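Participant: Okay, here's what each chain looks like letter by letter:
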Amino acid sequence: MTTITVTINGVRYTSEVEPRLLLVHYLREHLNLTGTHIGCDTSQCGACVVHINGVSVKSCTTLAVQCDGAEITTIEGLAHDGQLHPLQEGFWEKHGLQCGFCTPGMIMAAADLLKRNPNPTDEEIRHGLEGNLCRCTGYENIVRAVRYAAEKMAAAQAAD
Amino acid sequence: MTATEMKERLVGRALKRREDPKLITGHGNYLDDIKLPGMLHIALVRSPYAHAKIVSIDASKALAMPGVVAVFTGKDMLDINPMPAAWLASGVKNNPVPPRALAVDKVAMVGDPVAMVVAENRYIARDAADAVEVEYEPLPAVVDARKAVEPGAPQIHEAAPNNIVFEWECGNKAAADAAVASAEVVVKEEIINQRLIPTPMETRGSIARYDATTGEWTVWMTSQAPHVHRLLLTAFVFGVPETKLRCIAPNVGGGFGQKIFCYNDMAFTMWAARKLGRPVKFVEDRSENYKYSTHGRDHITEAELAGTRDGKITGLRVKTWANIGAYFSTVAAGIPTTLYGRIVTGVYKIPAAHVHVTGVYTNTAMVDAYRGAGRPEASYLIERMVDRFAAEIGMDPAEVRRKNFIQPEDFPYDNGLGLLPYDSGNYEPALNKALEIAGYAEFRKQQAELRKQGRYLGIGISSYVEICGIAPSAWMGSQGWGAGLWESANVRVHLTGKVVVTTGSLPHGQGLETTFAQIVADELGVPYEDVEVQWGDTQGTPFGYGTYGSRSLAVGGVAIKRSVDKIKEKARKLAAHLLEANEADIVFENGRAYVKGSPDKGKTIGELAAAAAVAYNLPPGMEPFLDETSYYDPPNCTFPFGTHVSIVEVDPETGHVKLLRYIAVDDCGNQINPLIVEGQIHGGIAQGLAQALYEGAVYSEDGQLLTGTLMDYAVPTAAMVPHIETDHTVTPSPVNPLGVKGAGEAGTIASAQCVMNAIIDALAPFGVKHLQMPATPERIWHAIHGK
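Line by line, the protein sequences are chains G and P.
Mapping of the first sequence onto the working numbering: residues 61 to 220, in sequence order.
Mapping of the second sequence onto the working numbering: residues 211 to 997, in sequence order.
Since the hints were made in silico from the structure, they are not lab data.
Heads up, none of these hints are tricks.
Straight-line distance between alpha carbons at most 20 Å, and here's what the computed SDA-like set of lysine to any residue pairs gives: (1) P:LYS226 to G:GLN143; (2) P:LYS232 to G:GLU136; (3) P:LYS245 to G:LEU81; (4) P:LYS232 to G:LEU91; (5) P:LYS232 to G:GLU153; (6) P:LYS232 to G:ASN92; (7) P:LYS232 to G:HIS140; (8) P:LYS868 to G:GLU184; (9) P:LYS232 to G:GLN143; (10) P:LYS245 to G:ASN92; (11) P:LYS868 to G:ASP182; (12) G:LYS212 to P:PRO231; (13) P:LYS232 to G:ASP141; (14) G:LYS212 to G:THR181; (15) P:LYS226 to G:ARG204; (16) P:LYS285 to P:GLU343; (17) P:LYS226 to G:GLU153; (18) P:LYS245 to G:GLU136; (19) P:LYS868 to G:HIS187; (20) P:LYS226 to G:ARG207; (21) P:LYS232 to G:ASN69.
Not the full set, but computed from the structure, chain P residues with beta-carbon under 7 Å of chain G: (22) LYS226; (23) SER497; (24) HIS892; (25) GLY893; (26) MET921.
Keep in mind it's a predicted model, so treat the numbers as computed, not measured.
We put the beta carbon where it would ideally sit given N, CA and C, even for glycine.
Work out the full structure: start from the sequences and follow the hints.
Facilitator: Spelled out as structure tokens, the structure:
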């Protein structure tokens, strides 16, 4: 067992974990943060994407012990003070989800994409989300949702 | 609000979904999110062989590991029955061999479970599963359905000689034979509809809890049909009253058919929970889902289409080998028979048609309904053959379609294949609209010009019709279906005026909470926010057959409407009593019952609900409360239709296909929520075009699944799917009072052949007449280069 200390969605946790414990299982089973999902066993689907120190990472291929000292954001930590993140709003407005299983990872990956490229073309959105699979939407409304968020964030920034 | 002020109607409006807030914030409740006190975890020991005898199982090392509670094998579970076979091929002998909870003595596919480890956590369970030693005696395997029925093929089940599950036919053989024999033109093709893996993003699983004091189970399941699973597991597998089991489907992360069926894990978690007195959980990982949960399609077909030189289709003859996999999954036989053979002539008037289908066991994963279920196979077949025919006689494929379409005045239309009559349709406007959006005439000129420059563009047309809202029960009984197919709904207006709808439908992405609430808010004239829709728990919802086959609106939604109608009727009676008026003079509109001619004299539905609930002053004989249940069994199926068009460019050097445009014009009857309808169409198209371009489950000859993970099986990413242009026509269904048909599967049913027809059109200068799916660059390169 190894002791780790991580800050998740602004809350500090110290835990004893097996060295082989995956981050996604640490989040889901130890901390009951079940918004982060598992959709595959080969790091293809992206349902498990979280942010570690501000960068999107697949938590199914990260060991919990690698995150000692890290700041982690999961889907549960994306909205602030009851205010949805523009991406959450975009997915809702544009019907960017159906079953919702891929959605947390998709939103977390898109958040990182918009950080790197605040004004992506549709083509760039499609390529930027290549690490995430959705089986329900055909991606059309996911692209619209990300574009909605990009526009909203740009407008908010212009207003500041 | 006065009686004359109309409440704004919600039906027809693109409301955003009420389901979403919890799902976008990480607060959904999917199966694997559920933890029960004292819960144990199951890991399976699965066969690495496609076909083998189990010689011995030694669990001693696993049992010695700390944290391991038990190891069970198939022989421990002989006190429960195999999984049920619920839909047999109609009118013929079937040889159903459904799977047991765990394999006994023999395995028939890679991934067949031979033992289960129960442990304190999933890591220990998995470690221990690896420590179980199983000795096998491998047997020869067969994976190809046509080869499996040949003499000398490996025999999989004693109860199924020559691996045949059933042999079934429909249509008129003599007429079809004569049409082919006497035709001016006959085109013949071998059409392979390859095996697909449905791949809902959430895999499958079950959690079971048993209360020994009452003998009652609660099972949480990834299910599209919990009421049906409750019935099958109790009455057929365990032989206990259905009242002993409560099934709960929490949020379900996609199904696409794969979660309709009654699976072994539902049974072995129940069995283990009873045996061990602790709750147990089993959740597949993705590679287990790919090996063991059901696949779709997998048809090998020899087709002949007969016609005249001037483009009239005169006959169709079809012979199909349908791969059923290693065992008989719940409704496996209905898919390649009723839902395929009976609609194989599609949108065309074909005077003579015959279909023969052989269902075949092979050493592969079970095959059952996958989005569209039979109808994509039928639609692919006829639309490819029509294009093949058009090319043969040198006629424009759009023209051949127009020439053979069933005409508006032909409805209700009997296609002669033993289906109920098509309800309504108007096929040509949808075709014309799609061609207009595509700029068809202009494209043909551009295509000819570009060919001269060595660029190969193609356009593909797919005109489809499908079967939704499948019913009525009596007809389904005649089709070998072992139950009814009605739906039920309860609607209650509580004392405070809040409305609760409980439904036996099971939304898993379709947005039914939103759609149903729109209908109820309009019909009752109450605020949308006051309507709550509950589903998923057999305790507290009326019986329903579940959500699949695009049936939840056309059947389940209509049951809700009928319950609302009954509530309105009772409310009118009560209003007449309270207003001291004649019942015949009471009008109910906009959520208010008032006396005809005196709109100010009235009671709102809220006031009437309160009056009915407190019951101080009811008419003689009236029971308290506004609470009504309906059981709706439709008189017919519904038949949505449409035309899709795609444009591709093929690079002859690399064989790479670029999908330039995809246009969908669909007619699903009246639309309750166009935003949701469009989303269903998008998703359906992505799955169908993925069949054309990317996906295919591949087994080696000895039965190893070579596409066993998402690294090998090409579920498309966002960059692999084009922008989709949608439009629609509206031809209401006369079958139900909502005029709705269904939209969940249309996109998948229309799209594979739409893309394939475009690719083959692009390759016409190379003499390519047909190409099997998926149209990979390698396959296309070989087709161009004749190798």
